[in-house]
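Dock chain B against chain A, hints included.
Protein chains in written order, with the numbering used here: chain A, 1 to 458; chain B, 459 to 916.
Everything labelled a hint here was simulated from the structure, so no lab data went into it.
Given the structure is predicted, the values throughout are model-derived calculations rather than measurements.
Quick reminder that beta carbons are idealized off the backbone N, C-alpha and C, glycines included.
Be aware that one or more of the hints could be misleading.
Chain A side only, calculated, beta carbon under 10 Å to chain B, not exhaustive [what the hints assert, rightly or not]: (1) I113; (2) Y207; (3) D210; (4) M382.
There are 2 protein chains.
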Amino acid sequence: MSIRDHVCLMKEISPVVASMSVDVRNAALRSVAAALSSHREEIFAANREDLERAEQSGIADSVKKRLRFDDHKLADCLAGIDSLLSLPDPAGRVTLRRELDEGLVLERVSVPIGVIGIIFEARPDALVQISCLCIKSGNCAVLKGGRETASTNKVLFDLIYEAALSAGIPEGSLLQASGHSEIDELLECDDCVDLLIPRGSNAFVRYIMDHTKIPVMGHSDGICHTYVDKSADPDLAIRVLTDAKTQYTAACNATETLLVHRDIADTFLPAAAAQLAQNGVRLRGTEEAARILQQASQSNDGCGSAQTEAHCKEAGGSVNSPLISADDLMGEDDFRKEYLDLVLSVKLVGSVEEAAAHINRFGSHHTDCIITKDDAAAQTFMTLVDSAGVYRNCSTRFADGFRYGFGAEVGISTGKLHARGPVGLEGLMTYKYRLHGNGQIVADYASGKSSFHFRDLL
Amino acid sequence: MSIRDHVCLMKEISPVVASMSVDVRNAALRSVAAALSSHREEIFAANREDLERAEQSGIADSVKKRLRFDDHKLADCLAGIDSLLSLPDPAGRVTLRRELDEGLVLERVSVPIGVIGIIFEARPDALVQISCLCIKSGNCAVLKGGRETASTNKVLFDLIYEAALSAGIPEGSLLQASGHSEIDELLECDDCVDLLIPRGSNAFVRYIMDHTKIPVMGHSDGICHTYVDKSADPDLAIRVLTDAKTQYTAACNATETLLVHRDIADTFLPAAAAQLAQNGVRLRGTEEAARILQQASQSNDGCGSAQTEAHCKEAGGSVNSPLISADDLMGEDDFRKEYLDLVLSVKLVGSVEEAAAHINRFGSHHTDCIITKDDAAAQTFMTLVDSAGVYRNCSTRFADGFRYGFGAEVGISTGKLHARGPVGLEGLMTYKYRLHGNGQIVADYASGKSSFHFRDLL
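Excised from the complex, chain A in its bound form:
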């Protein structure tokens, strides 16, 4: 059967899948967890094949880390399933119940979206998370993972699918696409697929968006900012900034740009730079930022304020603070850069409003943070910054479905429609309106014989 035939069939059965009770869906999740546990050696063996192939083709260590599926990753997956089991049923929630007139009652009720296509990177744990999110939410899903983990994916998918079937989930409701050409086939199925979620590089997500009429939910870039306000606690700022930049640089929620209020730049910037340098971070920035670091370095001190002295000591006492080299001077448009590496853009601003304007213009509407002790400044920042996540005094790295308590995520949306930020179960649901009557016709309301009274019953 072609992908198209599979997917059309999936579209036909999707209302039946959507109507399965949450007991069946939870039973399927428990059955999946049991199957993964009891077949762990089989999974690990398949994963060793993938790793050996990767080794031979000389893949980078950072990538291999993502390919690996071991006891630790399995335990995370099982914990994720437990967490999904504990979450309430996302389907059948009545979010509006309104009597339009005597005996005419309108309800809005959450239902699964239907058929979802998810194309994801070479990470076996992603396959488990995504298929379990689809099972719990009552959606049908076509899954296409990265080819580097083809062997692991095959074993995992077969186990998950068999386990779901054994619990009563209808045949054909999950499908794994394995060939790369199948992506292009899938993109053509706009009459059968309700939503596509591509994960991966920006270029890849853009390719998908440009080559399909299926609605796409994805994220473009992760250009996140940390803005250190003039009223920031500098120690807290340096601690949060360091985490946001260095804790996991390859993540889309890592900070790429540091904005500093001009009033505190002379003292804060050299101290922060010293700490970042200790963590291997290279700084790029505007001439103004470079000059401040240069001056701090020339004064052979860079640690004017008592508050930041501790950090300077940590960074090697009062030696020169790190500089921004001539090659790393930045013009305006350079700030649209996602590094995913130990590199940080630096710019000074004169106000919280200017920081927000910079973020709205050069950011990617993902996650941005203000470090401040000033409630009014925080309020202004969180209102004016037009991003999925607006944070105060904590690391941008918190932008994540698990950390938000969603059990898991299928991705992070930087679009503003449907779902924004980390997308968990709720992002895989839509709603329908039910109207219950006993013979009402519109002509009676048009003529004035009847009239609406709109009484909310919830």
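Structure of chain B alone, referenced to chain A:
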């Protein structure tokens, strides 16, 4: 200034517009209502110009009815503004508040989408509704109406914009595009426009979708069904069906296809056909449906059941019931037809499941109704039919923002993402996540030093 320059500026000020208090937004609405009231003669004079031009170009009467803006339409617009004033602020609603850990609190709060482009048909009242929805919701908007009402639109827009400014809405937050070429300019502004809402013909909506990277919310077809179950009350069914088909045929929520359970077709179909014929409806249908009408006609009666006798009498006593002519016999694919006219497709089905399968396959996921006294059949239908509106025992014509109590609508979405069905204020909102911390870093949670406890505070 080009449309692009205008829209880019709009994007920059949109966070400021979004942060205006609801008091300012309501004051703007009151100011708009006052301006429309006191300048009514000016508006009507401009509308007479449009109508004269339409007359000269020989536009159809049905279209002219839409172009007209008179005391009656103005009263409807003012009532709509009153209704918007009475609705609660759609912005700033906290829909999730969760303590992730001690001192780390996540909130999800509703915010305006930002910059919305709306391209709508030649109906001056639509311009008023749409701009008022945008003002109430805190969105910036680019409006492009049909050229047939250019004079009326100009006067209306200028009044609305001035009134909004006088109440404190920022300059540049509303823009009227007047030239047709400006639509193509607007379609290019995917970096500045957050959402496009095209209204009009299917071909037009499809053109917009195919020529922009801006997310589009629109409806394709309105192929709505009324399914008469075997347990239906035939009198109620005929009354509701007649309204759904004939009360306003040009609307997308008018019924285009009648499905009848085979067990009652012999009696129900001739009676329904007689009543529909009285209302000028031409029937098309399958051979099976045609045969039943033919047989009823030949028995020179068509009114076997006592229950439907009254309808047969109304339709001219026991004369021949209407037939389906040879030209109007339908094959499978003919059922994908939106008539927007006094024409109805007819097909028999053997079960509620078969009705649902037909609707999911040939319908447009807009609004579909079951007529039944059987609760179980209604439940099955409303679960299996994958449409924005699933109705029981009432006319499909109820699918409308006003009738749902939304105050107004910008359109009806047949897509499943973001908003489904009639789109009012809520459909013009998105949300952002706010995270309030006091120095939390992800490294502490990765190392196990800290852990999340996820406590919902709402």
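Exercise for the section: May I ask which of the numbered hints given earlier this structure violates, with the numbers listed in increasing order? Expected result: Per hint list: single violation, 2.
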